[in-house]
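Heads up: the sequence lines are chains W and B, in that order. Okay, so the first sequence: first residue is 1 according to full-length UniProt numbering, each after it adds one. Okay, so the second sequence: first residue is 1 according to full-length UniProt numbering, each after it adds one.
Quick caveat, the hints were computed from the structure, so don't treat them as lab data. Some clues are possibly wrong.
A pair counts as met if it fits within one copy or between any two copies, since identical chains are not told apart.
[As the list claims (entries may be wrong)] PhoX-like cross-link-like pairs, simulated, lysine-lysine; straight-line CA separation at most 25 Å:
#, residue 1, residue 2
1, K184, K27
2, K76, K23
3, K49, K27
4, K23, K49
5, K49, K34
6, K152, K142
7, K151, K27
Note that the structure is predicted; figures quoted are calculated from it, not measured.
The primary structure of each chain is shown beneath.
There are 2 protein chains.
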Amino acid sequence: MPEKGMLIVLSGPSGVGKGTVRKALFKEPDVDFKYSISMTTRKPRKGEKNGSDYFFVSKEQFEQNIREGKMLEYAKYVDNYYGTPLNYVQKTLNAGHDVFLEIEVNGAMQVRANCPGAVFVFLTPPSLDVLKNRLITRGTDKMDVINKRIKKSVQEIGMMRNYDYAVLNDRVGNAVNNIKNIVKCERLRVNRVMPKYLSMLGDKDHVN
Amino acid sequence: MPEKGMLIVLSGPSGVGKGTVRKALFKEPDVDFKYSISMTTRKPRKGEKNGSDYFFVSKEQFEQNIREGKMLEYAKYVDNYYGTPLNYVQKTLNAGHDVFLEIEVNGAMQVRANCPGAVFVFLTPPSLDVLKNRLITRGTDKMDVINKRIKKSVQEIGMMRNYDYAVLNDRVGNAVNNIKNIVKCERLRVNRVMPKYLSMLGDKDHVN
Chain W
1 MPEKGMLIVL SGPSGVGKGT VRKALFKEPD VDFKYSISMT TRKPRKGEKN
51 GSDYFFVSKE QFEQNIREGK MLEYAKYVDN YYGTPLNYVQ KTLNAGHDVF
101 LEIEVNGAMQ VRANCPGAVF VFLTPPSLDV LKNRLITRGT DKMDVINKRI
151 KKSVQEIGMM RNYDYAVLND RVGNAVNNIK NIVKCERLRV NRVMPKYLSM
201 LGDKDHVN
Chain B
1 MPEKGMLIVL SGPSGVGKGT VRKALFKEPD VDFKYSISMT TRKPRKGEKN
51 GSDYFFVSKE QFEQNIREGK MLEYAKYVDN YYGTPLNYVQ KTLNAGHDVF
101 LEIEVNGAMQ VRANCPGAVF VFLTPPSLDV LKNRLITRGT DKMDVINKRI
151 KKSVQEIGMM RNYDYAVLND RVGNAVNNIK NIVKCERLRV NRVMPKYLSM
201 LGDKDHVN
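This is chain W alone, in the form it adopts within the complex (with noise of 0.2 Å):
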């Protein structure tokens, strides 16, 4: 039996540039782990593809895939179905692949509920950074665009409280490259490589 991969889940608040980031990070040569294409409903945009961008499929195909406990996590947003397939995760991840999704917050915490070693990424807004500058600089701004910004970051702050990191999205290439180094370290971490080390040692007993 290969050793199980591990699941990279990269979520955040709607409109941060989860799919840019995401986009990014699989043109880097040295990515080494599987994107989990993602299924919905919605028709397809010009220039998308099937199998490509989504796995695009009617709503009563999609339907019948959360009858059937075939989608590891789903939602519905504008009257549209977006979710994760199961099998191709479970099957990816049971050949020794690490797999990445790249999913909304409310998918997130399904995946959170149901993969208890899966590693969480929040990838919070630039504007965090420029509210910082605009609290620094405070008195240029509307006291209400102010107050709306303050109560939008106090919401998405929130949000961050379920995952293992928050990565600022300030630069598309520094986002990717954190990333590329939180999936790095969490090969490194023991938990993850005490049953590799240990079935090592294992096998060995066996010819003893």
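Chain W is already provided as a structure; the job is to place chain B on it using the hints.
Using the frame of chain W, we list chain B on its own:
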């Protein structure tokens, strides 16, 4: 009050090369954490400087420090005391800097008990790799040699359990890079950055 720094502990079995890795690490130009110099009662070796390699003190002084609660951790090896003065660590963490300790496994367990937020890195001997290769090309070594290695490796791996990360000391450069990456990633952990974000927003509330 400046935000508190992070405590990083490097340890591992005797002879694994902790000192070599630590020295190489602190030669790196981008290392921005502080090394906590150990205190010892052993005599300085040729070329060793007080306050640089160790703080060299008398047995009486060291025992007084222990009695007065001035040591973060300490142990006795071959009639000499070795330990970490608490004052420097506390002062530096409170000033918002990260502090790096390179200590023996017994000391690391004392720190683990006292500093729940610290990061523990276990340096694993390259012999684990050697062992792996031996297992693959088995039959080239005498059985008692193999068995001795395995016994030692099992003991060493057992110690790993109480650490967060396992870094293989196959090449000093690799180990150094991995440790640097671990520190970078730990700085992105939600439980470390959340208070910073919250206090940033909290500050703003005061001026509303």
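A quick look at each hint next to the structure:
no., hint, result
1, K184 to K27, "both (17 Å within a copy, 23 Å between copies)"
2, K76 to K23, "within (23 Å within a copy, 54 Å between copies)"
3, K49 to K27, "within (17 Å within a copy, 50 Å between copies)"
4, K23 to K49, "within (15 Å within a copy, 52 Å between copies)"
5, K49 to K34, "within (18 Å within a copy, 51 Å between copies)"
6, K152 to K142, "within (16 Å within a copy, 67 Å between copies)"
7, K151 to K27, "neither (35 Å within a copy, 44 Å between copies)"
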